[in-house]
Structure formats: structure tokens, C-alpha cells
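**Student:** Below, each chain spelled out in residue letters.
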Amino acid sequence: MPSEKMLMRGSHVVGEAAVRAGCRFYAGYPITPQNELPEYLSARMLEVGGTFIQGESEIASINMVLGAASAGMRAMTSSSSPGIALKQEGISYMAGQELPGVIVNMMRGGPGLGNIAPSGADYFQATRGGGNGDYRTPVLAPAGCQELADITFVAFDLADKYRTPVMILGDGLMGQVMEPVVFPDPLKVESLPKKEWALTGCKGREPRALFSMLLNVNALYEHNLHLQEKYDEITAEEQRWETIMTDDAGLLVVAYGTPARIAESAIEELRAEGIAAGLFRPITLWPYPTIPLRNLAAKIGKVAVFEFSMGQMLEDVVLAVGDRAEIYFYGLPGGIVPTPSDIALFLRSALKGDGKVGRRIET
Amino acid sequence: MSAEAGYKKVFGRTESLKNNPTHYCPGCGHSIAHRLVAECLDEMGLREDTIGVPPVGCAVLAYNYFNFDMVEAPHGRALAVATGIKRARPEKFVLSYQGDGDLAAIGTAETIHAANRGEEISTLFINNAIYGMTGGQMAPTTVLGQEATTAPGGRDPKLHGRPIDISLMISHCDGVVYIERCSLASLKHIRQAKKAVRKCFQAQVDRLGFALVELLSPCPTNWKLSPKDAWAWVNEVMVKTYPLGVIKDTTGY
Ligand SMILES: Cc1ncc(C[n+]2csc(CCOP(=O)(O)OP(=O)(O)O)c2C)c(N)n1
Ligand code: SF4
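Top line first, the protein sequences correspond to chains A and B. When the count follows this note's numbering, it moves up by one through the first sequence with no breaks and lands on 370 for the last residue. When the count follows this note's numbering, it moves up by one through the second sequence with no breaks and lands on 268 for the last residue.
Don't read these hints as lab results, they were simulated from the structure. Source: prediction; values computed, not measured. Where a beta carbon is used, it is the ideal one built from N, C-alpha and C, also for glycine. Just so you know, not all the hints are guaranteed correct.
[To be verified] Calculated lysine-lysine pairs in the DSSO-like style (CA-CA distance at most 27 Å, straight line):
| id | chain 1 | residue 1 | chain 2 | residue 2 |
| --- | --- | --- | --- | --- |
| 1 | A | 195 | B | 107 |
| 2 | A | 237 | A | 210 |
| 3 | B | 255 | B | 203 |
| 4 | A | 202 | B | 33 |
| 5 | A | 210 | B | 209 |
| 6 | A | 210 | B | 24 |
| 7 | B | 214 | A | 210 |
| 8 | A | 202 | B | 107 |
| 9 | A | 210 | B | 203 |
| 10 | A | 168 | B | 107 |
| 11 | B | 255 | A | 201 |
| 12 | B | 24 | B | 203 |
| 13 | A | 210 | B | 173 |
| 14 | B | 210 | A | 210 |
[Stated by the list, open to error] Short derived list, chain B residues pointing at chain A, Cβ under 10 Å:
| id | residue |
| --- | --- |
| 15 | 36 |
| 16 | 39 |
| 17 | 41 |
| 18 | 59 |
| 19 | 62 |
| 20 | 65 |
| 21 | 68 |
| 22 | 69 |
| 23 | 81 |
| 24 | 91 |
| 25 | 97 |
| 26 | 102 |
| 27 | 128 |
| 28 | 132 |
| 29 | 202 |
| 30 | 203 |
Given these sequences and hints, build the entire structure.
**Tutor:** So, in C-alpha cells, the structure goes:
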């Protein structure tokens, strides 16, 4: 039975949803603004007989997840930007070894130590690999507490289905904000699909080995082709996005995560003035919903991109849209959270093409 | 060979080793260490419950030789990976097998903290005082005066710092129940090493805490010595920095 409606902050929502999705292993290292998640799980894992470890670093934590995942557990780690940077080696190994796991990044400002304010500056890191090698990580970008709850289930399912690490990409604001949530039914750990590859001790079967090193060039070539097939399948099957009020729109706003929430309010403000704008919100940042965005942008003819960075998702928009529509960009780094009215200014400017707020992107 | 003919089997393959030739150099301590691990697992009936973690180092391919479940860890992270496995499957026997660069340089934090948490993991620490796999660079354990490709003229404490005795360091952690340092460089020493490995495994079976055996292990290739001279170097030179014997034992065995 789904839960009753509860008022919870984003970080707690992810923790509760993970437990309900059958996660029984968490390791992480403290970093603001996501400490509420490990704090929540330190108590919650005890209640369900799971494991919570405060690792000695983000590096240790992701590798603990790697170990638990190799033994067949649904396992998760979380951090914020500088900590996620440290996890990249482990994520790359997990991709190479085809180990499932969920990594939560509540992004903060960078580069370096940056600040603890909300950010979208890890988009490249999340969607372009981050670690070494030719691999991809599915990246899920929710835009609020209910979606955080639902998408955490999706993240564990995708991870197991495709034997891949999966990232949930939120930001510091999303982790802190409290919203009403209804949780899906808790899954029974025993009834999750069996993992025929997991390490359980070799009683009654041949020993198994999970590794990413393939010294033979042909073997590594084949392995990479196999991974690519999997990524192609994920790209074909798993794109997620949402459109809001796009049917009659003369301007298509593209934003994900918290900026999408702000953009939605800005669009409502414009609509109240009789200006028809709509929202395209990618939910999977990889695989990016390229073709759906392309088709919609070509139809509408004008695109306005807004994100908490100096233009990272923008590159995916440009790849999708090319010269099929005019593209305008407004990026806010450093943790400055604009009001919907600020964004409405950008959207009006984009519609006019006057270049007063944001800038036109030449393609 | 039949019993009727008056023969009895005194030595054979261990089930915990696959029938694969290893890539280790002649005289390398890794081969002996593998054999000791395998014999102890066989004798203790642990093979089918074992999940092992090989290092990044010359033993990176250990899963081709060990006949039980294994998962690769990034360089230095074996004890974090092993922690994840052991906590996820506490009923399994978890083995970490690591070189000195892996365990005492890049993985120092993981080593100290797994030991200090008292993770119920058995660790084999193969100390050959050199980076074997990458071709003879200075290791954290390279002894003073020892030549390495990145310590030309020998390790000089002013230039390169001093060798680290990580076994002694972690013996101060409360979570550690057993640490012994042995040599793999004579038959007598190898027999003692096997006893230590057994004890290290028993500590996990009895769920006492963290246990580690450090094995001083010849690397004739990068020491540029014959296998025979490499044995002598372990027992005459290396032991001066790394004295053999029990460093900590609270097992009560
Ligand atoms: C992150 C990372 N850094 C460096 C290396 C290169 N590397 C491979 S093995 C090794 C050192 C091996 O030495 P040791 O742990 O002493 O084991 P041995 O080969 O001597 O058995 C190094 C530096 C690597 N694989 N990964
Ligand atoms: S290089 Fe040294 S440690 Fe590596 S296999 Fe050869 S002898 Fe053994």
C-alpha cells in the first residue's frame, strides 16, 4: 500500500524511498548540503536490518558500495559535488565491472570547494562520464520531492536491469526543501529479481569473477562494444521528459531540476499576461531526450535555456536543436536562486530577441 | 597411483587453485602466497564460502588462479570493497590480498580504517618493498639504501622519506586482533607463514575482528637478483626493517 501523504525534506525522501526500493546498504561521507540523507539512513537502516557505514572518505564509500553491489545488494551512496568528484574512479570501475548502484549528487557550487548553495555545475561530470573510459551513467534529474521519491525506485530498477551505476542529480535546494510526498509500496528484498552474476560463494557452481581489466586488446574491444550496445539500448528505451503547456507555445523553455520549477512559475506569470510559453523538462539527462526536444523546438521555433551553470546542459540542447530554432541562454552560477519574475524577464527578452537578459546562442 | 602399489598421496593440487599457469616471475613470492592461501582455505573447508578481493598490482589477475568468487577493486581500495562485501554478506569468508603499494601507499586510509573498525576480514599483505607491476619504482616499504627506478642510488631518507611499517601502525587499532609478519624466503619460514595464515583465517571464522598477515615476499625481477639471492636478501636485509614475528595477537588461540 502506498504511504500516507507525508511532509518531508528532499534528502529524507531519497533515504526513505531507497529503503522502500529494497536498498539495504548505504555508505557515505559527510558533506553539506546532503548530510540529512546519511543522517536519516543511519537510523533507518538499523530498523530494517540494513547496513549504514560512515566511510572514511567518499572514495572508500563508493568502493564499499562496489563491494556490497558485487555481493548482490541494492546499494547506494550520496554526496555533493566535491565528494562526487572523488567517487568517479569507483563509478568508472562499477561501469566496467557492470555493477549496479545508485549515486546521489545534491549539487553545490564549484569549482573546487565552491560553496554550499544550489548548483547545476556538475552536469558535464554527470552526463559525460566523470571517470576514465568509454562509459555512460544514466542520470535522473527530479524536480521536487514527489519525483525524488518515485525516481529513487526507478534508479534502483534501472541499475539492476542494466547492471550499471545510476546517478540521481539534485541540488542543495532540493535536498532541503520540504514538500508533501506519497511513497510507493515498499518492495520486499527477497522478491527482487535474482542476480545470477552476484558473488555469493561458489557452492554448487563455478567460481565467478567481476573485473574491468582486460589486457587482451580484442577482449577489451569486445567488452566496450558490449557496453555500447547496452548504452544504445538505454538510449532507445529509457529517455524521460515532461512537457508543460507546449501545445500553443511560441517559446519553449528548457530547464531541468530546480530551475525547471522556477521556470514553470515564470511561464505561469507570462501566461497571465497572455504570452504563450511552454516548458520542456528533461528528466533523464543521460540519455538526453534529444529527438523529442528537437521536434518540439523545430515546431515552436524559439528556445530559452535556463540552468544553474554557465551553459552545460546548453550543449545538449544545441546538439538536439541545432539551427532548427533560435536558442537563448540564461545561466546563473554560484548559488544565486532567481525568482520566477527574474526568469520571466529573460523569457520576455528571448521572445523579443533584444539580448537584454541572457544571450543568443549562435549555432 | 594406487594404494595397493604401496604409494600414498602426500602432495597434490589444492582445490582452491585453478589449474592455470600463473604469470608470476620465477622465484616470485606471490606464487607461494597463493599456494598458502589455497591450502588453508581447503583445509578449513572455506573455499565455497569465500569471496576474495585481489589488488591492483602483480596479483591483479589472482581471479584467474584462485578457484573461488572474486571481485576486482580499484588500486588501494580492496579493504573498502571487502568491507562492503562482508557487511552485505556477514556469513561469507572475505579475503583481501594486497601488495605494499596497494595497502600502504594509495590505500593507507582504507587499510587503517577497515582495521580500526575491526572489520571481520582476513588480509594478506604481500610486502616486496617495491612496485612490482609498474616496473620497480620505490614503494612505501622500500628499505633505506634499496635501489628503485625512482630512487636512483638507493632510498635516501632525506630525498625519499623512510619506509613505513604499516603492520606495526595498525596494530595499535583496537579493532585489530591479529597481525603477524612472516617471510616467504625459506621452507622453514614458509611453514611458519602457513600457520599464520591459518590463524588469520580462523580469527574471521570466529568473528573476532581484523586480522592480517604480512608476508615478506621476494621480487627477484625488480630487485635484479636471482631467486636464490632474493631469498637471502629477504632474510638478511629486509628483516632488519621488518622484523619477523607476531606483532599483535589478542585471539587467545
Ligand atoms: C589509481 C592508480 N594509480 C596507479 C596505478 C598503477 N599501478 C598499478 S600496480 C601499482 C603498484 C603495485 O605495487 P604493489 O602494490 O606493491 O604490488 P606488486 O605489484 O609489487 O605486487 C601501481 C602504482 C593504477 N593501476 N591505478
Ligand atoms: S615483478 Fe616481482 S612481484 Fe611481480 S611477478 Fe615478478 S617477481 Fe613477482
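**Student:** Run every hint past the structure and note whether it holds.
**Tutor:** Status of the hints after comparison with the structure:
Between the alpha carbons of residue 195 (chain A) and residue 107 (chain B) the distance comes to roughly 22 Å, so the proposed pair stays at or under 27 Å and holds. Among the hinted pairs, residue 237 (chain A) with residue 210 (chain A) is inconsistent with the structure: their alpha-carbon atoms are about 30 Å apart, more than 27 Å. Pair hint residue 255 (chain B) plus residue 203 (chain B) holds up; C-alpha atoms about 18 Å apart against a cutoff of 27 Å. Taking the CA atoms of residue 202 (chain A) and residue 33 (chain B), the gap is near 24 Å; set against the 27 Å cutoff, the hint holds.
Taken as a hint, the residue 210 (chain A) and residue 209 (chain B) pair is honoured in the structure, with Cα atoms around 25 Å apart against an allowance of 27 Å. About 26 Å separates the Cα atoms of residue 210 (chain A) and residue 24 (chain B), which keeps this hinted pair within 27 Å; it holds. Under the criterion of a C-alpha separation no larger than 27 Å, the hint pairing residue 214 (chain B) with residue 210 (chain A) is consistent with the structure, at around 23 Å. With a C-alpha separation of about 17 Å, the suggested pair residue 202 (chain A) and residue 107 (chain B) falls inside the 27 Å cut-off, and the hint holds.
Among the hinted pairs, residue 210 (chain A) with residue 203 (chain B) is inconsistent with the structure: their alpha-carbon atoms are about 34 Å apart, more than 27 Å. Of the supplied pair hints, the one linking residue 168 (chain A) and residue 107 (chain B) holds, its CA atoms being roughly 25 Å apart against a limit of 27 Å. For the proposed pair residue 255 (chain B) and residue 201 (chain A), the alpha carbon gap of about 52 Å is over 27 Å, so the pair is violated. For the given pair, residue 24 (chain B) sits about 22 Å from residue 203 (chain B) by alpha-carbon distance, which is consistent with the 27 Å threshold.
The suggested pairing of residue 210 (chain A) with residue 173 (chain B) is violated, with an alpha-carbon distance near 53 Å, which exceeds 27 Å. This hinted pair checks out: residue 210 (chain B) and residue 210 (chain A) have alpha carbons roughly 26 Å apart, not beyond 27 Å. With its C-beta approaching chain A no nearer than about 15 Å, residue 36 (chain B) sits outside the 10 Å limit, and its interface hint is violated. Given the 10 Å rule on beta carbons, the hint for residue 39 (chain B) is violated: about 15 Å separates it from the nearest Cβ of chain A.
Interface restraint check: residue 41 (chain B) against chain A, minimum CB-CB distance 21 Å, threshold 10 Å, status violated. At a threshold of 10 Å, the smallest CB-CB gap from residue 59 (chain B) to chain A is about 14 Å, leaving the interface hint violated. Proximity of residue 62 (chain B) to chain A holds as hinted, the smallest CB-CB distance being about 7 Å (cut-off 10 Å). For residue 65 (chain B), the shortest C-beta to C-beta distance to chain A is roughly 6 Å, which falls under 10 Å, so the interface hint holds.
Annotation: residue 68 (chain B) was flagged as interfacial toward chain A, and the flag holds, the nearest CB pair being 7 Å apart, inside 10 Å. For residue 69 (chain B), the interface hint holds, since its Cβ comes within 10 Å of a Cβ in chain A; the closest pair sits about 8 Å apart. Below 10 Å, beta-carbon pairs count as interface contacts, and residue 81 (chain B) has one with chain A at about 8 Å; its hint therefore holds. Nearest Cβ of chain A to the Cβ of residue 91 (chain B): about 9 Å, under the 10 Å cut. The hint holds.
With a cut of 10 Å, the hint placing residue 97 (chain B) at the interface with chain A holds, because the nearest CB-to-CB distance is about 6 Å. Satisfaction of the interface hint for residue 102 (chain B) is found here, the shortest Cβ-Cβ separation to chain A being roughly 4 Å, below the 10 Å cut-off. Among the interface hints, the one on residue 128 (chain B) holds; its C-beta lies about 4 Å from the nearest C-beta in chain A, closer than the 10 Å criterion. Annotation: residue 132 (chain B) was flagged as interfacial toward chain A, and the flag holds, the nearest CB pair being 8 Å apart, inside 10 Å.
Against a cut-off of 10 Å between C-beta atoms, the interface hint on residue 202 (chain B) is violated, since the closest Cβ of chain A lies about 30 Å away. A least Cβ separation of about 32 Å between residue 203 (chain B) and chain A goes past the 10 Å threshold, and the interface hint is therefore violated.
Hint compliance for this structure: hints 2, 9, 11, 13, 15, 16, 17, 18, 29, 30 are not met, and every other hint is.
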